[in-house]
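Peer 1: The lines below spell out each chain.
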Amino acid sequence: MPRFRPVHMALALICAAGPAFADLKQAVDTVMLPGFAHFAESAAAFEAEAESHFRETGGKCDPTALRPGFNKTFDAWMAVSWLRFGPSEEEGRTLAIRFWPDPKGLGAKAQRGLLLGDKASLEPELFARQSVAARGLSGLERLLYPADPPEADPCPLLRATVKDLARLALEMEGGWTGDQGFARTLLTAGKDGNPRYLSRTEALQSVFTQLMGGLEFIADQRLGRPLGEEGKPRPERAEARASGRATRNILLELQAIRRLTAALEPDAAGTLAALDRAIAEAGKLDQPEMAGVSDPVQREKILLLQRYVRAARATALAEMAPVLGVGLGFNSQDGD
Amino acid sequence: MATRRGFLAGLASLSLPVPGWADVGSPAWLAAGKMGEEYVLHGLREDGESLFSIALPARGHAAAAHPLRPEAVAFARRPGVFAIVLDCFTGAVRHRLTPPEGRQFNGHGAFSADGALLMTSEVVAEGSEGRIGLWETGGYRRIGEWETGGIGPHDMKRLADGRLIVANGGIQTDPTDRTTLNLDTMRSNLALLSPEGEILEIAELEPELHQNSMRHLALVGEGVGVALQWQGDPAEPVPLLARWEPGRAIRLFEAAPEEIFTMKGYAGSIAANQGMIAISSPRGGAVMVFGEDGTPLATHYRADICGLAPLEKGFVASDGGGGLWTLAGAEEPARPLRHSAISWDNHMVTIG
Numbered sequence: 000m001p002r003f004r005p006v007h008m009a010l011a012l013i014c015a016a017g018p019a020f021a022d023l024k025q026a027v028d029t030v031m032l033p034g035f036a037h038f039a040e041s042a043a044a045f046e047a048e049a050e051s052h053f054r055e056t057g058g059k060c061d062p063t064a065l066r067p068g069f070n071k072t073f074d075a076w077m078a079v080s081w082l083r084f085g086p087s088e089e090e091g092r093t094l095a096i097r098f099w100p101d102p103k104g105l106g107a108k109a110q111r112g113l114l115l116g117d118k119a120s121l122e123p124e125l126f127a128r129q130s131v132a133a134r135g136l137s138g139l140e141r142l143l144y145p146a147d148p149p150e151a152d153p154c155p156l157l158r159a160t161v162k163d164l165a166r167l168a169l170e171m172e173g174g175w176t177g178d179q180g181f182a183r184t185l186l187t188a189g190k191d192g193n194p195r196y197l198s199r200t201e202a203l204q205s206v207f208t209q210l211m212g213g214l215e216f217i218a219d220q221r222l223g224r225p226l227g228e229e230g231k232p233r234p235e236r237a238e239a240r241a242s243g244r245a246t247r248n249i250l251l252e253l254q255a256i257r258r259l260t261a262a263l264e265p266d267a268a269g270t271l272a273a274l275d276r277a278i279a280e281a282g283k284l285d286q287p288e289m290a291g292v293s294d295p296v297q298r299e300k301i302l303l304l305q306r307y308v309r310a311a312r313a314t315a316l317a318e319m320a321p322v323l324g325v326g327l328g329f330n331s332q333d334g335d
Numbered sequence: 000m001a002t003r004r005g006f007l008a009g010l011a012s013l014s015l016p017v018p019g020w021a022d023v024g025s026p027a028w029l030a031a032g033k034m035g036e037e038y039v040l041h042g043l044r045e046d047g048e049s050l051f052s053i054a055l056p057a058r059g060h061a062a063a064a065h066p067l068r069p070e071a072v073a074f075a076r077r078p079g080v081f082a083i084v085l086d087c088f089t090g091a092v093r094h095r096l097t098p099p100e101g102r103q104f105n106g107h108g109a110f111s112a113d114g115a116l117l118m119t120s121e122v123v124a125e126g127s128e129g130r131i132g133l134w135e136t137g138g139y140r141r142i143g144e145w146e147t148g149g150i151g152p153h154d155m156k157r158l159a160d161g162r163l164i165v166a167n168g169g170i171q172t173d174p175t176d177r178t179t180l181n182l183d184t185m186r187s188n189l190a191l192l193s194p195e196g197e198i199l200e201i202a203e204l205e206p207e208l209h210q211n212s213m214r215h216l217a218l219v220g221e222g223v224g225v226a227l228q229w230q231g232d233p234a235e236p237v238p239l240l241a242r243w244e245p246g247r248a249i250r251l252f253e254a255a256p257e258e259i260f261t262m263k264g265y266a267g268s269i270a271a272n273q274g275m276i277a278i279s280s281p282r283g284g285a286v287m288v289f290g291e292d293g294t295p296l297a298t299h300y301r302a303d304i305c306g307l308a309p310l311e312k313g314f315v316a317s318d319g320g321g322g323l324w325t326l327a328g329a330e331e332p333a334r335p336l337r338h339s340a341i342s343w344d345n346h347m348v349t350i351g
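As given, the protein sequences belong to chains L and E, one line each in that order.
Sequential numbering from 0 applies to the first sequence in numbering that gives the first Met the number 0.
Sequential numbering from 0 applies to the second sequence in numbering that gives the first Met the number 0.
Accuracy of the hints is not assured; some may be wrong.
With a straight-line Cα cutoff of 16 Å, these simulated EDC-like cross-link-like pairs (lysine to aspartate or glutamate) come out [what the hints assert, rightly or not]:
1. E:Lys263 with L:Glu48
2. E:Lys33 with L:Asp333
3. E:Lys312 with E:Glu330
4. L:Lys108 with E:Asp22
5. L:Lys103 with E:Glu330
6. L:Lys59 with L:Asp74
7. L:Lys162 with L:Glu40
8. E:Lys263 with L:Asp333
9. L:Lys71 with L:Glu48
10. L:Lys103 with E:Asp232
11. L:Lys103 with E:Glu291
12. E:Lys312 with E:Glu45
13. L:Lys162 with L:Glu122
14. E:Lys263 with L:Glu89
15. E:Lys263 with L:Glu215
16. L:Lys108 with L:Asp147
17. L:Lys190 with L:Asp178
Worth flagging that the hints you see were computed from the coordinates, not collected in a lab.
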């Protein structure tokens, strides 16, 4: 339709020249929903693959054969791991999918009970009610990359945990989609019948909070825990050490945060540049187990990444928050 | 024959009825907040309607309502150098309370049942040792102080028999700001004081929970419900709700396993009603409701939620985004009661 083109161009010019804007729909449709869908697909594919492996081996599984499916599912999780609202926070799903950090070893304790206990608890309905600490990716990592030979055949528990993970992923995706889904809740903010978000600003605020929280978690937990204090590194606290995913998880999460930022506020050039700098640094960091926290040279690099992540958070707060019309919580930042 | 002078003299000698809370519309709660760049104290009706709004000189924290007169004491955030007595009928500042040299207000206060005495939680600026400041309420003169038996007292609740329970949060802070100085060695406790200020009993948590700060209280049964704030490793799940009846040990209540991190280690307010106890976390953006026996009943999610008070069959809650919410019971979802441009501060204080 050539004759309409000038109109389109004019609109495009207006948009390009206009003030920075927030595109919540873009963020939901192109980042959040595909992210949760991909996670559910990956978990389902992992379940199918594991099921056929269990059938082929007659129950005598080879845990190492399941590692690729585990890693693909973990990769998919990292794209949405930091979106801890809506269906993710309900019923503790995020924790059931990934229980970390776990300084008291609650997961290992609860999982040992399942490994040595009554097999009836591995039935899907009962298993879904077992401790969140024992299940999900953390539970699978312990079984697929065991530090010591297992005290009992891990195959039945592995099978139950994979199944449960696929169920959780599907439930989570279901909670995001459809007429009653959380995506709609975000996008109908401020409309009648939406008590969750009384205005569009509230919805933007909650998305922005996820972004801030994701970057904080990387800096304080994923990097901060193994870094420990100066002169007292704590490599044993690194995330996903057994599966060697410590830096990979950080990289994937940063990339997902960048995708959301770019969709939500494409004009946030400073924030995107700061995220790119952190992503580049994370990409260079070859620390699958974060062992480098104890090495003076490597430690500097890990500290640098932590500074870059914190700088990205500070930039987002300074640059994006005013455009979105949001901030940090009045009470949550204050304390008393 | 009655002269004008005589008439006026007669008028002055009459004991006119003093205004009561009914004269300001019988507000249910006091709540501090921020509107634009202004800090305010509101008196709210049960439907969330504001009945009066009085400007505060700085950000408020909690308030105390006189049991009979429409008089509110607004406390600054800790470490506080001011508390102001507000006439909610006229909006006038009736008195400004300044702590004595070397003392700081710590955010909360309570009146005696007859309203004759105001008790304020205070610290000795150097070292944060706890004191209850005592003020007579005719002219709000300082008339004395009690020791609280701990460091950094915050909330306090008066039992029906006049005894007082004080939550000594255990945290020593820098006298000039809120920098914490003793997180490694802190030890929170609850102290029971006689109506005359004698320490009758002190209860502590087990040593491994020494970094769990008991800060806010609600009357429950023969004692109090306690909201805690964890100062240790945020990755360690710890209970944030407790109950204490004098003469017994403190009982801690765990959240359901899937909810152990919902509150992010921080409970900011507590209220009890109808056999339920609610605690709020602005950091976690959630209110958790428990039975009085500690059974987890429900979790309601709302960003920056903190203020809590009893309402009908459940609770009312306020948030930093201007929302007031009713939490009717365990089964029902949170419902918006009112929404405004006021960022509500940490606490809603029940009047009467």
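Peer 1: Take the hints in turn and mark each one as holding or not.
Peer 2: Comparing the hints with the structure gives:
1. The hinted pair formed by lysine 263 of chain E and glutamate 48 of chain L fails the criterion: a straight-line CA distance of about 37 Å is larger than 16 Å.
2. Between lysine 33 of chain E and aspartate 333 of chain L the CA atoms are separated by roughly 13 Å; this keeps the pair inside 16 Å, and the hint holds.
3. Annotation: proposed proximity of lysine 312 of chain E to glutamate 330 of chain E holds, straight-line Cα distance about 12 Å (limit 16 Å).
4. With a CA separation close to 61 Å, the supplied pair lysine 108 of chain L and aspartate 22 of chain E exceeds the 16 Å bound.
5. In summary, the hint linking lysine 103 of chain L to glutamate 330 of chain E is not supported, as the alpha carbons are separated by about 33 Å, beyond the 16 Å threshold.
6. Our distance criterion of 16 Å between C-alpha atoms is broken by lysine 59 of chain L and aspartate 74 of chain L, whose separation comes to about 27 Å.
7. At most 16 Å may separate the alpha-carbon atoms for a hinted pair to count; lysine 162 of chain L and glutamate 40 of chain L meet this at roughly 13 Å.
8. Between lysine 263 of chain E and aspartate 333 of chain L, the direct Cα distance comes to roughly 14 Å. Compliance with the 16 Å bound is thereby established for this hinted pair.
9. Using a Cα cut-off of 16 Å, the hinted pair lysine 71 of chain L and glutamate 48 of chain L holds, with the two alpha carbons roughly 12 Å apart.
10. Under the criterion of a C-alpha separation no larger than 16 Å, the hint pairing lysine 103 of chain L with aspartate 232 of chain E is consistent with the structure, at around 11 Å.
11. Between lysine 103 of chain L and glutamate 291 of chain E, the direct Cα distance comes to roughly 28 Å. Violation of the 16 Å bound is thereby established for this hinted pair.
12. A threshold of 16 Å between alpha carbons decides the hint, and for lysine 312 of chain E with glutamate 45 of chain E the separation of about 13 Å falls inside it, so the pair holds.
13. Among the hinted pairs, lysine 162 of chain L with glutamate 122 of chain L is consistent with the structure: their alpha-carbon atoms are about 10 Å apart, no more than 16 Å.
14. Between lysine 263 of chain E and glutamate 89 of chain L, the direct Cα distance comes to roughly 15 Å. Compliance with the 16 Å bound is thereby established for this hinted pair.
15. Straight-line distance between C-alpha atoms of lysine 263 of chain E and glutamate 215 of chain L comes to about 13 Å, which keeps the hinted pair within the 16 Å bound.
16. The straight-line distance between the Cα atoms of lysine 108 of chain L and aspartate 147 of chain L is roughly 14 Å, inside the 16 Å bound, and the hint therefore holds.
17. Restraint check for lysine 190 of chain L and aspartate 178 of chain L: the C-alpha separation of about 14 Å stays at or below 16 Å, so the hint holds.
Of the hints listed earlier, those the structure fails to meet are numbers 1, 4, 5, 6, 11, in rising order.
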